[in-house]
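Using the sequences and the accompanying hints, generate a full structural model.
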Amino acid sequence: MTPELGQIALILALLLSLAQGVLPLIGAWRGNTALMGIARPAAVGQAVFVWMAFGLLAWSLLSLDFSVGYVAANANITLPWYYRFAAVWGAHEGSLLLWIAILATWTVLLAAFSRHLPQHFAARVLAVLGLVSVGFLAFILLTSNPFGRLSPIPLDGNELNPVLQDPGMTFHPPVLYTGYVGFSVAFAFAVAALLGGELEQAWVRWARPWTNVAWACLTAGIVAGSWWAYAELGWGGWWFWDPVENASFMPWLVGTALIHTQAVTEKRGSLRAWTILLSILAFSLSLLGTFLVRSGVLTSVHAFAADPRRGLYILIFLVAVVGGSLLLYALRAPKIASGKPFAAASRETAILIGNLLLTVAAAMVLLGTLFPLIADAFGLGKVSVGPPYFGLLFPLLMLPVVLLLPFGPYLRWGKAEAAPLKALGTRAGIAAIACALVGSLFADGQVKAIAGIGVAAWVAAGTALYMHKRWREMPRGRRFPAEMAGMLLAHAGVAVFVAGVLVSDSLSVERDVRLSPGQTAEIAGYAFRFDGVQLVDGPNWKAEQGSVQVSRDGRVIAQLHPQKRLYSSERIQTESAIDPGITRDLYVALGEPLDDQHIEHDWTLRLYYKPFIRWIWAGGLLMMLGGFVSACARRFRAPVSAGNAAASPAYDARLIAQESHP
Numbered sequence: 004m005t006p007e008l009g010q011i012a013l014i015l016a017l018l019l020s021l022a023q024g025v026l027p028l029i030g031a032w033r034g035n036t037a038l039m040g041i042a043r044p045a046a047v048g049q050a051v052f053v054w055m056a057f058g059l060l061a062w063s064l065l066s067l068d069f070s071v072g073y074v075a076a077n078a079n080i081t082l083p084w085y086y087r088f089a090a091v092w093g094a095h096e097g098s099l100l101l102w103i104a105i106l107a108t109w110t111v112l113l114a115a116f117s118r119h120l121p122q123h124f125a126a127r128v129l130a131v132l133g134l135v136s137v138g139f140l141a142f143i144l145l146t147s148n149p150f151g152r153l154s155p156i157p158l159d160g161n162e163l164n165p166v167l168q169d170p171g172m173t174f175h176p177p178v179l180y181t182g183y184v185g186f187s188v189a190f191a192f193a194v195a196a197l198l199g200g201e202l203e204q205a206w207v208r209w210a211r212p213w214t215n216v217a218w219a220c221l222t223a224g225i226v227a228g229s230w231w232a233y234a235e236l237g238w239g240g241w242w243f244w245d246p247v248e249n250a251s252f253m254p255w256l257v258g259t260a261l262i263h264t265q266a267v268t269e270k271r272g273s274l275r276a277w278t279i280l281l282s283i284l285a286f287s288l289s290l291l292g293t294f295l296v297r298s299g300v301l302t303s304v305h306a307f308a309a310d311p312r313r314g315l316y317i318l319i320f321l322v323a324v325v326g327g328s329l330l331l332y333a334l335r336a337p338k339i340a341s342g343k344p345f346a347a348a349s350r351e352t353a354i355l356i357g358n359l360l361l362t363v364a365a366a367m368v369l370l371g372t373l374f375p376l377i378a379d380a381f382g383l384g385k386v387s388v389g390p391p392y393f394g395l396l397f398p399l400l401m402l403p404v405v406l407l408l409p410f411g412p413y414l415r416w417g418k419a420e421a422a423p424l425k426a427l428g429t430r431a432g433i434a435a436i437a438c439a440l441v442g443s444l445f446a447d448g449q450v451k452a453i454a455g456i457g458v459a460a461w462v463a464a465g466t467a468l469y470m471h472k473r474w475r476e477m478p479r480g481r482r483f484p485a486e487m488a489g490m491l492l493a494h495a496g497v498a499v500f501v502a503g504v505l506v507s508d509s510l511s512v513e514r515d516v517r518l519s520p521g522q523t524a525e526i527a528g529y530a531f532r533f534d535g536v537q538l539v540d541g542p543n544w545k546a547e548q549g550s551v552q553v554s555r556d557g558r559v560i561a562q563l564h565p566q567k568r569l570y571s572s573e574r575i576q577t578e579s580a581i582d583p584g585i586t587r588d589l590y591v592a593l594g595e596p597l598d599d600q601h602i603e604h605d606w607t608l609r610l611y612y613k614p615f616i617r618w619i620w621a622g623g624l625l626m627m628l629g630g631f632v633s634a635c636a637r638r639f640r641a642p643v644s645a646g647n648a649a650a651s652p653a654y655d656a657r658l659i660a661q662e663s664h665p
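In our numbering, the protein residues as written are 4 to 665.
Calculated from the structure, these hints are not laboratory results. From a predicted model like this one, the values you see are computed outputs, not experimental measurements. Where a beta carbon is used, it is the ideal one built from N, C-alpha and C, also for glycine. Treat each hint with caution, since some may be false.
To be verified - Here are the computed distance ranges between Cβ atoms for each label pair: (1) Phe-174 - Glu-525: 33 to 39 angstroms; (2) Thr-429 - Ile-585: 27 to 33 angstroms; (3) Ile-560 - Leu-396: 36 to 42 angstroms.
What the hints assert, rightly or not - Only pairs whose alpha carbons sit at most 30 angstroms apart, straight line, appear in this in silico BS3-like list of lysine-lysine: (4) Lys-472 - Lys-418; (5) Lys-472 - Lys-425; (6) Lys-338 - Lys-418; (7) Lys-343 - Lys-425; (8) Lys-472 - Lys-338; (9) Lys-425 - Lys-451; (10) Lys-451 - Lys-343.
Structure (structure tokens):
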């Protein structure tokens with residue numbers, strides 16, 4: 004009965020989302036308050052039924068109801084309960100249900116916290132989200148039903164993919180999807196503004212906190228995914244430009260541009276058309292990522308099994324959403340006012356340059372991701388676009404952005420003064436050169452590492468100087484503005500991230516060794532003594548577990564236990580062992596026995612020395628924290644009418660002056 008209840012819940016959710024998507028739009032068009040009032044209760048009802056379906060699927064997995072096809076395909080009796088729950092999003096149907104549940108949650112939160120908005124505008128925003136929900140609910144019911152029955156009922160199910168049996172996978176997909184789906188709110192605000200012709204900057208103020216939270220969640224999801232790949236896949240890397248990694252990175256790049264251009268539009272009334280376009284593109288790229296993962300058109304460790312029906316449906320849905328919104332944008336664009344003019348040396352110009360570079364970078368990643376598909380479709384043969392392409396072009400595009408970063412906060416709106424910029428450049432430049440010189444003493448002549456230290460110091464010094472300047476200028480008794488604090492945290496995160504990437508990539512040491520028990524290998528001044536392999540049992544796997552003692556200068560530092568696990572499905576998974584540190588990681592992956600009959604003999608091992616690699620994730624987490632803090636700015640919580648907000652580009656000058664943003 005549980006699967007049937009889940010199916011009914013999804014059908015009811017579809018009907019409510021249809022009501023939410025159509026009736027409030029008609030009400031806003033006709034000025035009918037009763038129809039507009041349907042939006043909020045319909046959103047709540049839809050969320051209740053979607054989460055009911057989600058809970059029923061989770062219960063089916065936890066109770067091992069093998070009459071449900073999804074359960075039989077992704078769980079068996081030996082799977083621990085926590086991985087049974089994570090299996091809800093471990094395959095296509097369940098992960099799509101998670102996507103829909105998160106979309107419903109965003110919609111309910113917006114319905115709850117948008118009561119200060121004009122009713123007609125809130126109705127349009129919720130209606131757009133309802134129409135997006137219609138598309139996804141129809142998709143899951145027509146092509147991806149997670150509640151399909153099996154007959155006859157098997158006695159046991161299949162193994163959940165061993166790669167997914169990792170603690171990181173219990174939170175990486177939900178957090179990543181929260182960011183992905185969160186851009187639908189910015190999209191809905193932009194489309195609602197286009198539909199109603201309300202193209203002043205009021206809607207941007209309302210959308211900004213939602214965009215910041217979505218961006219922060221997407222940042223957290225990407226960081227978690229990078230950590231999972233590093234710790235779980237056994238190859239010692241943190242990013243490989245995999246097509247599905249790119250699918251999450253593209254909306255992140257455009258979202259980064261969006262949160263900055265929203266600041267310009269809100270505070271100066273400029274770049275309005277650009278803000279609307281970026282709002283559309285950020286969510287469009289999220290949908291494109293869905294198409295790439297679920298259509299089967301690419302091969303990836305992240306991709307789901309191919310199904311032509313699913314790919315065709317998503318493609319049609321993608322064309323409808325992107326094409327429809329861009330057509331509406333083209334029709335309304337001539338009516339969008341240009342806002343206040345600004346000089347070449349101004350904060351607006353700096354943000355616009357950064358925006359263009361971020362957008363071009365996203366386009367470059369998109370081209371590299373799709374080009375193999377395009378080449379194959381036109382009969383040009385199999386073409387591979389990998390790290391050499393991305394590793395060359397992406398840094399070239401991002402270097403100007405990073406170098407401009409310290410100047411952004413110092414530039415004034417409209418027109419900047421030269422003297423503060425010269426002083427900043429001199430001080431930050433001295434700090435960068437000094438840090439690079441000190442770093443060169445430890446960088447073994449690696450130019451990339453020295454450059455990374457210098458660039459990171461440049462950004463960090465500029466950020467610290469601006470924080471000191473604002474702190475000194477702030478009147479006594481006034482709190483440090485949340486929006487400014489968030490900006491400083493995010494910019495500091497960029498500095499930490501850049502240092503981690505360039506130092507780790509250039510100074511890492513990797514060595515494949517053949518060792519017998521008792522033998523030692525050395526890398527980067529650390530001695531790795533192999534003490535042999537023993538057999539161990541887990542809840543649903545058996546493993547050959549190595550023992551490696553790590554020492555330096557005769558002092559034991561760590562005892563590492565890498566494994567090769569054999570799961571009940573006969574699939575093998577390598578589990579690396581890591582000794583973490585603030586300035587380095589020591590990483591061991593167990594290879595193969597050189598004598599299959601005697602595992603106590605020689606083995607191959609892969610040893611890694613990874614300096615400052617954790618700074619990569621620390622920088623990402625600082626950026627994430629900055630996004631959340633910025634969303635807490637006081638003026639975002641202050642009610643304002645559309646008329647007052649749109650009356651002037653400086654409609655709330657007092658609060659904006661207190662909470663300045665780059």
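Evaluation of the provided hints:
For Phe-174 and Glu-525, the hinted distance range of 33 to 39 angstroms is satisfied, since their beta carbons lie about 37 angstroms from each other. About 31 angstroms separates the C-beta atoms of Thr-429 and Ile-585, a value consistent with the hinted range of 27 to 33 angstroms. Checked against the hint of 36 to 42 angstroms, the C-beta distance between Ile-560 and Leu-396 comes to roughly 39 angstroms, which is consistent with it. Taken as a hint, the Lys-472 and Lys-418 pair is honoured in the structure, with Cα atoms around 19 angstroms apart against an allowance of 30 angstroms.
This hinted pair checks out: Lys-472 and Lys-425 have alpha carbons roughly 15 angstroms apart, not beyond 30 angstroms. Only pairs whose Cα atoms come within 30 angstroms are accepted, and Lys-338 paired with Lys-418 is accepted, the gap being roughly 26 angstroms. As the CA atoms of Lys-343 and Lys-425 are separated by approximately 26 angstroms, the hinted pair is consistent with the 30 angstroms bound. Simply put, Lys-472 and Lys-338 have alpha-carbon atoms about 40 angstroms apart, too far for the 30 angstroms limit, and the pair is violated.
Annotation: proposed proximity of Lys-425 to Lys-451 holds, straight-line Cα distance about 27 angstroms (limit 30 angstroms). For the proposed pair Lys-451 and Lys-343, the alpha carbon gap of about 42 angstroms is over 30 angstroms, so the pair is violated.
The structure fails to meet hints 8 and 10 from the earlier list, while all remaining hints are met.
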